[in-house]
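K.L.:
For the protein sequence lines, the chains are A and B, in the order given. Take the first sequence: its position 403, counting from 1, is numbered 403 in my numbering, and each next residue is one higher. Heads up: take any position in the second sequence, counting from 1, add 1000, and you land on my numbering.
Source of the hints: derived by calculation from the structure; they are not laboratory data. Heads up, a few of these hints could be off.
[As the list claims (entries may be wrong)] Result set (DSS-like, lysine-lysine): computed pairs, CA atoms no more than 25 Å apart in a straight line:
| hint | chain 1 | residue 1 | chain 2 | residue 2 |
| --- | --- | --- | --- | --- |
| 1 | A | K130 | B | K1249 |
| 2 | A | K416 | A | K435 |
| 3 | A | K47 | B | K1094 |
| 4 | A | K81 | B | K1094 |
| 5 | A | K88 | A | K6 |
| 6 | A | K6 | B | K1225 |
| 7 | B | K1249 | A | K55 |
| 8 | A | K42 | B | K1051 |
| 9 | A | K512 | A | K414 |
| 10 | A | K92 | B | K1249 |
| 11 | A | K88 | B | K1022 |
| 12 | A | K130 | A | K6 |
| 13 | B | K1022 | A | K92 |
[Stated by the list, open to error] Reference excerpt, derived from the structure (chain A facing chain B, CB under 10 Å, subset only):
| hint | residue |
| --- | --- |
| 14 | P15 |
| 15 | E111 |
| 16 | I376 |
[To be verified] Using C-beta positions, here's what the derived DEER-type ranges look like:
| hint | chain 1 | residue 1 | chain 2 | residue 2 | range |
| --- | --- | --- | --- | --- | --- |
| 17 | B | D1168 | A | K42 | 22 to 28 Å |
| 18 | B | R1171 | A | K6 | 43 to 49 Å |
| 19 | A | K6 | B | I1172 | 24 to 30 Å |
| 20 | A | T44 | B | I1088 | 46 to 52 Å |
| 21 | B | R1099 | A | D106 | 19 to 25 Å |
| 22 | B | A1041 | A | K6 | 32 to 38 Å |
| 23 | A | E168 | B | I1088 | 37 to 43 Å |
| 24 | B | I1088 | A | G200 | 22 to 28 Å |
| 25 | A | Q186 | B | L1116 | 28 to 34 Å |
| 26 | A | E136 | B | L1116 | 34 to 40 Å |
| 27 | B | M1192 | A | K42 | 40 to 46 Å |
| 28 | B | M1203 | A | S108 | 45 to 51 Å |
Glycine included, every Cβ here is placed at the ideal spot set by N, Cα and C.
One letter stands for each residue in the lines below.
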Amino acid sequence: MAFAVKFENVYKEYPFYQHITAGFKSFLLNLNKNILSLKKSKFTALKGVSFEVKKGETFGIIGRNGSGKSTILGLIVGVIKQDRGVIKTNGKISSLLELGAGFHPDLSGIENIILNGILMGNTRDEMLKKVDEIIEFSELGDFIYQPLRTYSSGMYVRLGFSVAVHIEPEILIVDEILAVGDLNFQEKCQKKMTEFKESGTTIVIVSHDMMSIAKLCDRVAWIDSGGIMAIEEPKEVIMKYIKYLDQQITPSIYEDQAVDEPKIQPATAELSVSQIDSDFSQATEESESLSQPSKSLSWWDSPQIMKQCVEIITGVTGSSDIYFYEFLKKQYLIGSLKQGLSISNRLRGIESNFILYDICKSFDIIHEGDKITELIGGKSNFKKDYYDLFLCIDILHRIENLEVFLQDIDNSLKNKGIIIALEYIGPANFQCSQKDSEIAGMILKGLDIPISTEPTVDSTILSDKTNSVNSTNVIPLMKRFFDIVAIRYFGGPLYDLLLNKIVHNLDMNDGKNIEIIKIIVQMEQVLIKERILDNYYACIIAGKKSDK
Amino acid sequence: MGQHSFKYYRDLVISLTQKELKVRYKRSFLGYLWSIANPLALALVFFIAFKIFMKIPIENYTLFLISGLFPWQWFSNSVNTSATVFVINAPLIKKVNFRREVLIIATVLNDMIHFLLSIPVIVLFVYFYGIKPSLLWFVGIPLLLIISFIMTFGFSIAISAINLFFRDMERIVSIFTTLMFYVTPIIYSEDMVPAKYKGLILMNPLSILMVNWRNMFTKGTLDFKDLTYAFIYSLIIATIGYLVFRRLKWRFAEVL
């Protein structure tokens, strides 16, 4: 198939210009150093990048800040030039790199439409033909005759988007703009993107919004430190990326504890960075062997199982992380919070922390280990009036004195702060009620899954004080301390069983078993709706009480 | 950079120039009058200083002044605006791929149009002093326009590119144009320059241009030998300027 964009072993280096642009005085003062560094100091943004985007394909690029994503886009658009390697593009390019680049505040909307269109490679006649359509799409009405300086920032972006998508590009370059304007307009943008996709436009898209990437893209490249880590199906790449991020964060926070803390995770499950880099197929094989773990392991000890399980469950119920992520997005909270704290039992930490990347500019993490045990034991030393967001995952119900704990969180939350809790709210100590366990047993029997639904108390859970003493108090107490914004329930006893038992006994690589799990989850949703089963899990979003 | 038709580049230049024209005085009440008011005010100051106080022995001194001052303003404004043109258009440079030189062309054209609009003022003074307009104007104006345009473009494009890497350039340019103004025979005539400096003054490519603009308006004469020199000068300057620009243009998006 013909290509739309092709990179062959592309290198890009940036010299450090600040020696010169910082001015003559500082240049002279550090003359020696500067001359040396002028010769040497270079930042290599891309190190031999090769990939091909096929015609009509939607191609995503993900990676941390500074990994080289923007450089790649700049090279495709042609505003910068590579130092080595070959770049070929095939087709008219329109970029949504910065909406409204080149707009002038003193010109009217219409004048800007035409000027912008011409800058992007159209003739005046072409633009005059499209101008009505663009005005209609932008929903600006009579404002279109007013100078741009009278526009709100939302209107500005809407106009920019409208121009960019109406110049009939063959290759569309999108950089993190999927959330422009109000909800209505966002929907329109999404629709337009789908239209582009269907009409065979090649789309190259950079985003931190993994949901959109997964939804839109055919293939995704993951870039890190200027090199390609993986190019595959979106889900595969995103999971690798998330896992990698998780490993990047955890060690630095637990360095001081690492010595005396027993390793909970099996060694094979820890994919080192270099392993991912050098040979991913091998690493995958290694984790696959974990899908039948020994009995001594808890289900969440295997990232592989967890990944599949979480994927299936959230895929079917549309719940938990994805739900609150979507919610926050709609509340325009993405990127608006400064400081967050994530407290989590290991099991859901990975996805959630990655979501935090988008919500908060910076955040602390308390995962497993001594710190968590301390928290459960009642020692919380949160900084006062410091956090904008608390993310509590599978932790509140384990806290012995939840009232004090929530009070501490309240004190630590800044004004207008938010708390999100993903919690078990079922019967205390995971003691499934007689009725629930009977129903669950019937269903499992019907599906021919040989698992006892008798409630069992896991001795390891009790011994490390992670029993769910306060599960039924979570929602009432949260209501007392915070203003509840939303509660979303996402599973009952079956979900619980699924997570704690079933995945041990089923081969998760077998497509049939995956189907079974889907059926169980769906069935449970129906039973909960009919009030035959109770909710055991909930996502609670709450805000700091405003009357203080 | 992509291949585009001539029609496209024409549209691009026209719309960018239009934008500059619209924007410059869009929010002011007197609008385009300001582009005449400024050089006229300058002319008035020089007239008082040189004609009334210092009694410079030049006839029709007002006409003499403005017929050199107006084309000089074109050059000076263009060069000074160009210095920051890429900086001001940073979002565009960083995100959109188009021929960057078009921005400079539009800037120079914009100032050229302002100059063209001020020619009627010169004509008015020509009538006022009872001088006969010459038919030579119909040849001279287009010729001088082309040469001035090429020369201004050459200076502008080099300065604008260098300024991105060496921001002191814009200050240097503003001092440079002020100095050049005084070593170019605009407020005085080239005959008043002492013989031993005369060669030096005439080596200045801008002198030839300004003197010819003025002579055309005040005397109705054109020195075609001079024009040839000026034309060659302008081509050399434009070539060097463009080469400097071409060497640096790929780094624009990186330093902005």
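K.L.:
Hint check: B:K1022 vs A:K92, CA-CA at most 25 Å. Holds or violated?
P.N.:
Distance of about 30 Å is beyond 25 Å: violated.
K.L.:
With chain B as the partner, please determine if A:I376 meets the hint condition of a C-beta pair closer than 10 Å.
P.N.:
Hint on A:I376: violated, closest Cβ of chain B at ~51 Å, above 10 Å.
K.L.:
Does B:K1225 lie within 25 Å of A:K6 when you go C-alpha to C-alpha?
P.N.:
Violated, at about 54 Å.
K.L.:
With a cut-off of 10 Å on the beta carbons, see whether A:E111 makes it to chain B.
P.N.:
Since chain B brings a Cβ to about 7 Å from A:E111, closer than 10 Å, the hint holds.
K.L.:
When you check the alpha-carbon spacing of A:K47 and B:K1094, does it fall within 25 Å?
P.N.:
holds (22 Å)
K.L.:
Is the hinted pair A:K88 and B:K1022 satisfied, with a Cα-Cα distance of at most 25 Å?
P.N.:
violated (38 Å)
K.L.:
Given the hinted pair A:K130 and B:K1249, is their Cα-Cα distance within 25 Å?
P.N.:
violated (32 Å)
K.L.:
If you draw a straight line from the CA of A:K42 to the CA of B:K1051, is it 25 Å or shorter?
P.N.:
Roughly 60 Å between the alpha carbons, so the hint for A:K42 and B:K1051 is violated.
K.L.:
Quick one: are A:E136 and B:L1116 within 34 to 40 Å, going by C-beta?
P.N.:
For A:E136 and B:L1116 the Cβ distance comes to about 39 Å; the hint holds.
K.L.:
Check the following: the C-beta atoms of B:D1168 and A:K42 are separated by a distance inside 22 to 28 Å.
P.N.:
holds (24 Å)
K.L.:
At the C-beta level, are B:M1203 and A:S108 separated by a distance inside 45 to 51 Å?
P.N.:
Holds, since B:M1203 and A:S108 (Cβ atoms, about 48 Å apart) stay within the stated range.
K.L.:
Evaluate the given range 43 to 49 Å for the C-beta pair formed by B:R1171 and A:K6.
P.N.:
Between B:R1171 and A:K6, where Cβ atoms are some 44 Å apart, the hint holds.
The structure fails hints 1, 2, 6, 7, 8, 9, 11, 12, 13, 16, 19, 20, 22, 23, 24, 25 and 27 (numbered hints given earlier, in ascending order).
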